[in-house]
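My request is simple: use the sequences and hints to build the entire structure.
There are 4 protein chains.
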Amino acid sequence: MIIVLKKNATQKDVKLVTEKIKKMGLDTHVSKGVERTLVGAIGDESLLKEGQIKAMPIVEKVMPIMKPYKLVSREFKKQDTIVKVNGLEIGSNKLVVMAGPCAVESKEQIIDSAKTIKKAGGHILRGGAFKPRTSPYSFQGMGEEGLKLLAEAKKLTGLPVVTEVMNTSQVPLVADYADILQVGTRNMQNFDLLRAVGKVDNPVLLKRGLSATLKELLMAAEYIMAEGNHKVILCERGIRTFCSYTRNSLDLNIVPVLKKETHLPVIVDPSHGTGKYCLVNPMSKAAIACGADGLMVEMHPNPEEATSDGDQSLTPKSFTKLIEELKPVANSIGRKL
Amino acid sequence: MIIVLKKNATQKDVKLVTEKIKKMGLDTHVSKGVERTLVGAIGDESLLKEGQIKAMPIVEKVMPIMKPYKLVSREFKKQDTIVKVNGLEIGSNKLVVMAGPCAVESKEQIIDSAKTIKKAGGHILRGGAFKPRTSPYSFQGMGEEGLKLLAEAKKLTGLPVVTEVMNTSQVPLVADYADILQVGTRNMQNFDLLRAVGKVDNPVLLKRGLSATLKELLMAAEYIMAEGNHKVILCERGIRTFCSYTRNSLDLNIVPVLKKETHLPVIVDPSHGTGKYCLVNPMSKAAIACGADGLMVEMHPNPEEATSDGDQSLTPKSFTKLIEELKPVANSIGRKL
Amino acid sequence: MIIVLKKNATQKDVKLVTEKIKKMGLDTHVSKGVERTLVGAIGDESLLKEGQIKAMPIVEKVMPIMKPYKLVSREFKKQDTIVKVNGLEIGSNKLVVMAGPCAVESKEQIIDSAKTIKKAGGHILRGGAFKPRTSPYSFQGMGEEGLKLLAEAKKLTGLPVVTEVMNTSQVPLVADYADILQVGTRNMQNFDLLRAVGKVDNPVLLKRGLSATLKELLMAAEYIMAEGNHKVILCERGIRTFCSYTRNSLDLNIVPVLKKETHLPVIVDPSHGTGKYCLVNPMSKAAIACGADGLMVEMHPNPEEATSDGDQSLTPKSFTKLIEELKPVANSIGRKL
Amino acid sequence: MIIVLKKNATQKDVKLVTEKIKKMGLDTHVSKGVERTLVGAIGDESLLKEGQIKAMPIVEKVMPIMKPYKLVSREFKKQDTIVKVNGLEIGSNKLVVMAGPCAVESKEQIIDSAKTIKKAGGHILRGGAFKPRTSPYSFQGMGEEGLKLLAEAKKLTGLPVVTEVMNTSQVPLVADYADILQVGTRNMQNFDLLRAVGKVDNPVLLKRGLSATLKELLMAAEYIMAEGNHKVILCERGIRTFCSYTRNSLDLNIVPVLKKETHLPVIVDPSHGTGKYCLVNPMSKAAIACGADGLMVEMHPNPEEATSDGDQSLTPKSFTKLIEELKPVANSIGRKL
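Protein chains in written order, with our numbering: chain A, 1 to 337; chain B, 1001 to 1337; chain C, 2001 to 2337; chain D, 3001 to 3337.
Keep in mind that the hints are not guaranteed to be accurate.
Unchecked claim - Each computed SDA-like pair below joins lysine to any residue, with the alpha-carbon atoms no more than 25 Å apart:
1. D:K3006 x A:E75
2. C:K2259 x A:A330
3. B:K1006 x A:E75
4. B:K1070 x C:K2006
5. B:K1327 x D:K3321
6. B:K1070 x B:I1082
7. B:K1094 x B:E1108
8. C:K2078 x A:Y245
9. D:K3015 x D:D3044
Just so you know, the hints here were simulated from the structure itself, not pulled from any lab data. What you are looking at is a predicted structure, and each value in this text was computed from that prediction instead of being measured.
Take a look at the structure:
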């Protein structure tokens, strides 16, 4: 960490700052420039209390050098992490497509969905049993009944299941039925929930928060890994910007950045990321082209009857077409689907 | 709700749309313009499933007319809600100042804080016992021990206590010690937590999420009120924008907008809102000047020794000065402090 | 346009509003809902003065139905516009790559660049002679001398030239030397400049402003077309968001949206869009995959000696590799490079 | 500037970097940490070409220490700059209110406006003769005729005039009629225009761009000052964020930050900043309370007949009330109006 002192810093000020840093357990290195004196803190930056240093009136600014994340970092582990689910690999050269309706609505709906996905060449079934909804008056999901229907669809088709867990107390129940536990966008910094899914054995799909920075997303993954669960899949699903022609702004820039910063697999959700069914196809192709390890796509047997997110769901026909069209794109960058 | 059809909509398309709306329980009203046909849905808009309508290929866009929030709305309740806490009123003509350290660190620290606040003229003691931290390796709060220290500080000074609850399972414990339950920024859309604090009797301080829209903030309050707890205090504490000279961008614009849209009291947290101690004084004055009902301010006996947020905490001296300087500002707009 | 009146609107208020609209030359259509009265304005919406209507105290909100752009719109012209430059087509099935250094620095540099681009398979030479720089103390470009060097490079290689024009008074000069005139990000709403380039015959490359909405970008193109120049090429080059791991946030979402809304060709600049050379390759692929008609890429014979933007420039070697790798991506979606 | 090298940097890499810096004319200082080697560049940072250094493959990141602005900086000039216009002072303890219609529309309108402003206690008349409009089909201003009417209104009331100049070629004309030249939001980085207004003697009101950072705003002012014109007034007028309840998000946080960073006067435009007449009063008070040196407010004799921005214009009555209510707010912080 570099501490920049204000212009008028005296010898005594420098001493105050270096002593504070030494008390925290680091070494210091003072460098006098033409206009500013800098104090470098040498050692384990995680011991530094940045706020305390910034609170010193003589400090102008503080610039961290080290990355705050450890276990998630590419420096910590050079090889790509491959998360295995029922024999399927996420993060390998072969791309993975997760698909299904926003919410589980009925036995017929989820089984229809699963069959379509299986037939089209999708790999994992998604569907919400517990639904985080902006309004308390909207459909909140079928709960455990929904989980049972997902399990039934899995049994019939062999597709592993990913579904959201909203609450620490739901973790054991959802972990029982689902193959992959999803932590939703709004819960990306629900730290108690992160710790809870860090204690189970299921892989975790961690969705980026609407205004999460790179660091915040990686630190959220770090929470899960710090509890012992290293099977974390990151998911970009749109951020909040000034643009209103999409529901959110799918931020594909983060895909190659994440692949560089972390060894964890990265998937992209263009359905939530754009909020419009007609953008799912082109943005899925773009996601694959820039290096995503897979996709999560909303598909509903009949979007015009969906209880939620009908406007961003593909029909079975357009989903099947998407998979067909993604294959050559995957091949064009040396990957498989 | 107004449904705008695509240019090429036929008589048959119009019929499909009106029938869909009627099936949802509303009446329709068709209006043919020069270039577009519009279908108006008349009746209870909350019955409409917007996603299903947008999923119809002939629909170009959908424009809601009604506000989705009810109990929180100024239309539902004309008079200002005044939340009472230990004889204190929040939302009346008299402004309320909540202050204290980011985290409870020790008995001495919290009691010193409480005494300073009391003496300076502050009204409510804040301090975190359970701390949501970006990093799993940072101090996570003293837990129940911290709650006990807050209770002790209250006993000594008479100041009511506000503190954060992070998890549904913590609600009974925190509700036992604290006067006001705080739902933090990162949990603004933790819907299970909102429902849980909606079931207790304590007032709830609901902090706006970093990227929460007006509607999302009010719908989060609606979740709490829908469970029966109408004692909700809203808190603006900074949003995420492209600006980096502040930690967040304190959005004072929402203060007069909220006062118009809702009857609930609105307070402002300039400490988190700006992240810099030197901006707390001017932005506190601005918050009062544009109509906030109170402030939440970080104050620490010694910011240079704070376990967290030292960089945005006032010293006892600057806090005392702040209160003195706020009084004439409050008077200048016809209010009291 | 739909005008939503406040809840307490009387018969008299409705009359005031309808008369105002009729005076502007449109017809009206009143619809009484359960809670609100709506007034629809029927006819040419461009005659409506939205501000005047919103200024009426009884008006709650105003919702436009029609799109404000005409000539640029896909409704106005169904077929894709193909802009021709020296026999080259921009906007056809064959993709176009514009490349070159940020600024023209010397004869050797620009001729080296042109040769590399030609050899690698690029189509158009870019290079700034007049440079908009954040600091008045930075290199501001070689001016006319730079234009001459571009012309020389064109002569040698046959590559058409695109270069920025910053000022109405420069238009004739730049139009003399360059094939395509570039209007830069910071000038996207320099309306006098838009009008000036609308009066010449050269194609115009219009770069999206850092915080430009879809509507603002299209209205800027409308300014050019309204003056008679219909050869406009739109360019996405990154927007300003809260993300700081890229210099700007390349917003690929707008590519398929633009292809739907307008008949104009759309290209993408991943160099400015991300600001990091290592992201240019993956984001170029993504841009092509989601439907862009071409790319604009910074390439410098020696980025470590570039007067500007060295950090986002490809080396000749990485540029050549990019072109090679883009070909299969183009093919995978049925296009050519 | 601190250059952070990648983990695997060798002795040879360090040498390459230090030599590059030395060639640029600065000294270096190498510091080996536990995980990273840092190279400090000591001397005049403005000589450093950041892009070139970032283009070196061994460089991980570059962190500037010095501020890039000079003449505008508080370090360069400690005392507040007071801009004098016709005997009036901007930037002194006495606040200044600029007011008037968005556009000059007629003799009657502008003279009525000027009289109202004068009587209410306003100080400067604003009004657009050249109007930057998003649509080429909207009213573009009266041009020179508008300037003449402003001059007439000034003659009658004694109020100095501020009006926008959109183009370098207009500068002499506008400078002839107006007391203060306004550079609008969309032209904040029209560098040729900045240079042109830097060469005249009139004070310049520089409006912040919609997505301008602190640095970009100050560098735009630096452009003007570098040409010799030191009479620059900065104006915050709303930034682009995700919030849609206001037209823009008035960013008051920048007011105290600017007062610390620069000696130039800072005024606030709550009319454009919020886009809603009902928010002008509370946000004006907030602007004053946090330290603005004045306001720019839209006022129209009859907003319901305004050619533009009727929705954000105050009526004469509400403007008069605003001035009355601002006086005690100014007094409460020790200033005068």
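Violated hints - listed by number, lowest first:
Hints 3, 7 not satisfied by this model.
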